[in-house]
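S.K.: Given only the sequences and the hints, what does the whole structure look like? Please build it.
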Amino acid sequence: KNEVEQSPQNLTAQEGEFITINCSYSVGISALHWLQQHPGGGIVSLFMLSSGKKKHGRLIATINIQEKHSSLHITASHPRDSAVYICAVRGFFGNEKLTFGTGTRLTIIP
Amino acid sequence: SQTIHQWPATLVQPVGSPLSLECTVEGTSNPNLYWYRQAAGRGLQLLFYSVGIGQISSEVPQNLSASRPQDRQFILSSKKLLLSDSGFYLCAWSVRASGARSYEQYFGPGTRLTVT
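For the protein sequence lines, the chains are G and B, in the order given. Letter by letter, the first sequence follows residues 1217 to 1326 of our numbering. Letter by letter, the second sequence follows residues 33 to 148 of our numbering.
Worth flagging that the hints you see were computed from the coordinates, not collected in a lab. Check each hint, because a few of them may be wrong.
[Claimed, not checked] Below, simulated DSS-like cross-link-like pairs (lysine-lysine); rule was C-alpha separation at most 30 Å, straight line: (1) G:1270 with G:1284; (2) G:1284 with G:1269; (3) G:1271 with G:1313; (4) B:112 with G:1313; (5) B:111 with G:1313; (6) G:1284 with G:1271.
Note that the structure is a prediction, hence the values are computed from the model and not measured.
M.R.: Encoded structure:
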């Protein structure tokens, strides 16, 4: 079993739909990252969070430390949101390593 | 503002040939630096990270090596490439962490390596 599991692996939705991508992890963490990878391969950091909720524009990320679970939500989805969304977790105390999920491929159809 | 550069963008190399990928960061000092690989259809894997000049930690035993000759320069090398070395190589940087505090990681544009 991977330390970081994402679901779904693939998601296709119509433009305007509300999107939820889930991430579950099995280890103690100091932070969780959500990343976006576009078709060309470039990766952008969307969020880093260790508790609660963060919002940037149409993107919302939440984390429940007790349940070891995080969700990434996209409101009013748009075709330009089509990308692979990756969850990654960082351990504690000087461990610089990020452990990555395998990603969720999101396709938004106009 | 900070920027991270990687080159080359794409590379096709025969099996057994050497490799050198370079990553440089501008606009920050004393960053943590990282090399990741993403094999086709697989997730990102941390290969090396560095918290300072000459300080390299290896996460995965393999025929690759990394060096940090200057504060903002990180080099990934191999003496003899294998077919399994094909993939997308990403460099990243973050503010140097102190204790348990975490910082975002910022990724370069990547190098797509095909070993033939």
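S.K.: Indicate, hint by hint, whether the structure satisfies it.
M.R.: How the hints compare with the structure:
{"no.": "1", "hint": "G:1270 with G:1284", "result": "holds, 17 Å"}
{"no.": "2", "hint": "G:1284 with G:1269", "result": "holds, 14 Å"}
{"no.": "3", "hint": "G:1271 with G:1313", "result": "holds, 25 Å"}
{"no.": "4", "hint": "B:112 with G:1313", "result": "holds, 26 Å"}
{"no.": "5", "hint": "B:111 with G:1313", "result": "holds, 25 Å"}
{"no.": "6", "hint": "G:1284 with G:1271", "result": "holds, 20 Å"}
Taken one by one, the earlier hints all hold for this structure without exception.
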